[in-house]
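Q: Please take these sequences and the hints and turn them into a complete structure.
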Amino acid sequence: MAISESIQRLDLVPARALGADPANLLARGLSRLFSLNFNFRPRYRQYLKTRDGWLDFSVALRTPDQRVALTLCFREGRVRVLRGAARNADTTLIFANRLMARDLLSMSPDDILLALMRNQVRVEGNLSLMALFNFLLSLLTQGKSLPLHAPAAAPVSHAKKVYGANSGQYLQGCPSDAVRHLADPYLSRIALDDFPRLQHFLHIHFHKRPEICIERPLLLTRWHRQYGFEKQPDGTPWHPVLRQGKVLKALLADKAPRIRDRDLLGGTTTSKDIGVVIYPDAQGTLIWNELRTVAARTLNPYDISAADQTTLHREIFPFWIRRNFREWVRQQYGNPLCQRIEERFAVFFHWKNIALSHTIADFPRLLRQGSQGMLSDIDAALAVCAPGDEERQHTLVAMRLTLEGLEAYAAHVAQEAAEQSRQCDDPVRRLELEQIARICRRVPMQPPASVHEALQAIWLGLIGLHMENTNAGLSIGRLDQWLQPYFLAEMQACRNDTERDACIARTIELCGCFFLKLTDHLPLVPDLGNHLFGGSSSDQAITLGGVTPDGESAVNDMTYILLKVTEMLRLRDPNINARYHVGKNSDVYLRRLCEVNLLTCATPSLHGDENVMAALASHGYPQEVIRDWSAVGCVEPTLSGQHLGHTGCMMFNLVAPLEMALHDGWHPLMDWRPGRRTGDAASFECFDDFYLAFEQQLGFLIEQAVTLNNYLGEAHAVLRPTPLLSALMAGTLASGRDVTRGGARYNSSGVACIGLADVTDSLMSVRHLVFDKQVLSLGALRDAVAKNFEGNAKLLSRIQTHVPRYGSGDAGALAMARRVMASVHRHFARHKNFRGGPYTTGYWSMSNHVVFGNLAGALPSGRRAGVAFTPGLTPAPQATANLLDNLRDVAMLEPAHMDNNIAFNVKYVPAAEDGHARSVQNMADYVKSYFSLGGMQMQFNVVSSATLRDAMAHPENYADLLVRISGYNAYFVTLNQEMQQELIQRAEFSA
Amino acid sequence: MNFPAPAVVEIKGNSLDDGPGIRSVVFLQGCPLNCSWCHNPEAIAARPQPVRDSTRCDAYADCAAACSRRAIDLVPVWQLNVDACDLCGQCVDACATGAIRITGRFLSVHDIVATLEPWFAFHETSAGGITLSGGEPLMYMSFAGELLQALRLRGLHTLVETCGHFSIEDFRTLAAPFISEIYFDLKLVDDQQHRRHCGRTNRVILANFRHLAAMHRCATLAVRFRIPLIPAITATESNLRGWADLLQEEGIQAVDLLPYNPLWKDKARVMGRPPSGSDTWLSEEDTSRCREYFLERDIAC
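Those protein sequence lines, which keep their order, are chains A and B.
Be aware that the first sequence starts at 1, since it is given in our numbering, and climbs by one per residue.
Be aware that the second sequence starts at 1001, since it is given in our numbering, and climbs by one per residue.
I should point out that these hints are in silico values taken from the structure, not numbers from a laboratory.
Where hints are given, some of them may not hold.
A few chain A residues that don't get close to chain B, going by computed Cβ distances all over 12 Å [as the list claims (entries may be wrong)]:
#, residue
1, 26
2, 99
3, 115
4, 206
5, 292
6, 428
7, 485
8, 584
9, 683
10, 689
11, 714
12, 742
13, 777
14, 819
15, 976
What the simulated footprint calls covered on chain A by chain B, stretch by stretch (three residues with Cβ under 8 Å from a Cβ of chain B suffice, anywhere in the stretch; the number is not a length) [unchecked claim]:
#, stretch
16, 796 to 802
17, 882 to 892
18, 925 to 939
Label-pair restraints from in silico Cβ distances [said to hold, decoys possible]:
#, chain 1, residue 1, chain 2, residue 2, range
19, A, 913, B, 1086, 40 to 50 Å
20, B, 1287, A, 169, 16 to 26 Å
21, A, 788, B, 1155, 49 to 59 Å
22, A, 679, B, 1005, 45 to 55 Å
23, A, 786, B, 1287, 56 to 66 Å
24, A, 426, B, 1287, 52 to 62 Å
25, A, 990, B, 1300, 20 to 30 Å
26, B, 1005, A, 174, 41 to 51 Å
Every residue, glycine too, gets a C-beta built ideally from N, C-alpha and C.
A: Here you go:
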């Protein structure tokens, strides 16, 4: 197609004041400059060409009033600047005002993203192409606003540093629960100093800069370029599940086998020490704009070689511009309203754009049967598959292919280990490598016979899953339960105490290696993500303790061994979740959980087992299946190995419907009324009228959020079924369906609701001030809020001192929180997800309470504009100085309405004079009381605000300071400033 | 001395310092003494009254306007006409900054138990309980006894902090049966000094000290004796040696020494009560010197 023809295709809407507007003139001038550079300077022009030929797309820039309106058209190696904004441009940037339009072309990628988040600019159309356009811009602007050297972390000694109030003291325990061999289950005499190997990997973890690895996207893209994506080379359409089976088998077979120096477990997720994995089939193209700058960004920079930048730009990303979940929905459903709302950042955020991996694979089955046993089962199912049942046929074949791929990769790792051992001069290391070779020839094919083999089998399975599917909360499950039989067998084979001690130490080291293997990769986080989910890793949850399927205490030797590893390594990820069953689990165990929490400052997360199970029981799952639950991602309960719960499908901002109810359906930040009017605030005659308006806006936004989630669910079924995960999920052999298509035995989608305390306190404020005490009208309150309480200090004071808050022990406020949660649950429960399962509601926020708070105006609760919401469902810091009221109010919420669990943060600073034992006992007392009252989950941050302030001032001294955000752990120094401030401002309790 | 019912100054949850485990503390208003270093000055006066926290007051003047009995003067400084005030609470509601509160509320035993009830679970799990403090909780013996009985009936551990000035006969019949443990404060052994710093003779206190020491010896009541170390007042050699002698005479083998804590002064300022006494913490050396007087008589501390 000739250039002129392609331009004619564009439906141009001319600028309102044609050419006369200064901002429009400037924007056009800058665009011309941009086009001249790309048209005539070879060093820029080369970027217009990719593996598929010249870039071919158009970008429109405009203001809502069309006073600025122009289009850049990329075609056949030329960039043309056209007057007027094309209605059918591939992607459009809409500026909130003309000043923004003027500045865009000189902004850094960072600034553009911030402007996007704050709704000063919005995008309509393909986001990959917008990222591409920003990348091209960055070629011209690069160097501006870039720090030349990223700050290097100072060396940290991991063995000694303790940030909590008590240091150098360790409690001893006595055998309890189902412990068989550990005389002191607290393992108080074992320390990190005993394990130089683990110290070595910890050093890499804290000091090695992560590096983008293109192994997976390159192999993937090359395969698809050869064998097609939508269609096979012969033109027949691919069955998506079969295609994914084939591509994963090829990926695993071609993946380079790698064994880290000194490691005891073979195989790595990427080709780097700490690799950042790119999934261009999900959100990978959103890093396009940062290819040149990602190594220099302030927060969490990644290294990337120049050659890899070029490969990504030329070969990989262009293939995926439209082949990702987000763009599939946009094309299939015509840029639907729900997607346009989501892309404004202020209302909801859908993780399903990125992954459907928030689940736990059926590792016990892999351990029980080996992949060989699983293949026999698949073959048996294939043998009885009805002819003509193509879906089942393709799915079973695809599952088979992926397991074959996994076996091929294991064989390659075994070869690599054997090869390395032949070249190794160190006799000790040579033996270790020979052992890795031996083990990888055996697992995952055969059932393992030792802890070492079991961990290797699970790790190889995880690598396969990481190659198939974005790792966003792909979790491990009940590792203590699964490893205990192997540990018992090994201990029983020991002849004396020396051998037994060696066996315990070896097991600790192996589990430490396994934990550190889980840190060998990071999710790709665009800089925008640093603002949205600061400092988050993949959130791979491991669950400890609780009860067995028979209802007996499940706390065993491996529980304590894994707790020791948690205490020594103090890693943000894996995310350790401990179940504590009041009555079934001992106080010895509870004290140890609290001691580890105190020593690590932030982990494990503690779950009230009975209450979590009560929430699951509201879905009618069988009792023995419920008892086997484990946490996924942050805190969310999932039926281990048989449940695609996608428990992190979206983050939902509860404050948005409140703002819309106050403003008759209009959202202040978005400057948009996406739904219907629900009445002028001044017109409400009683509190319930106002609540009804809130609930109507809530219902509308929930409907939109669910619609988008279901569209995205369909996108997964079409674009990226996951046959390996399906092979590792109970129920798929019977259903003959991939898990993305509802094949798992149990299905659901879990939502994280954010801002409960802010909404509850705001509603209390409205009721108290407007309807109970009649201090002012709702119209006046709305206006004061809209002005961010400027000139209204008295009203703000009154709100802060007179309105009872949720978490203060006030019965009315607690009832209000329960009412809001019931409304939220009722609206979500009306819908089913794409896979046919229910929606579950949870109250944890990762770090989105900071982002959503940043994007929200002032609230009737007295919270000023832009300030972070409270994390999870934690009450506001000013609610009370009495921790007991806080704990009790949260414990009194309804578990059935929190079936996706909660994150309740408590910042607790023990008094220095209390001593270690008393501090641990106090924590244990709080936890046990809270669980007895009905609490589902809580997490302590045992670090004072003073320490956090010092860490902000001297980050170099605090590289490994662990903090709990909302559901996940992070290193404090990797957080953005708003997050750091939010942590400091949390209520700090001491007695 | 048996008034029917005291006002409750404060009910505080989550205390780890007033006895074993997690506790709640009920502070009762009214005290027979008037110690110059008192940490709870708002509990000395025997009747509730509105008080203003000058650090929070923004001088909106809504309190005076809201008072139907014109009991609040704003000029030259905020002042309450105590006799005119009927405790209606309008000033508290009217004050936007929350600077005014009424110290003390008249609550029935039933109301106090209901306020404490949400926290019972914490007391039970932690082997904690309820502490009665003040003021002097045993000033209203029958009320204290009823409250303690109600709490014991709920299975809770009860602890009383006393200055020792109470009627021993009433104590034996009305309160002692319902007390799990009692903290008895020993201040000044010399009557002259006691009159000077605590505003009253210590004769009753010394007599009660001997009664309770006897009960402790016979294990009919768990008593812990405590001495607040106030620089230049109680933490003097003659005073401490005096107590050490008495303790030894009574065969008491342990005493708790409570080092001086100047944090109470802010509280006194808010109350408009001129603070007196030292501004600094008791030094480590001074504390260990105080300890010596007891250790040399084999009294643990």
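Q: Which earlier hints turn out false for this structure, listed by number in ascending order?
A: none
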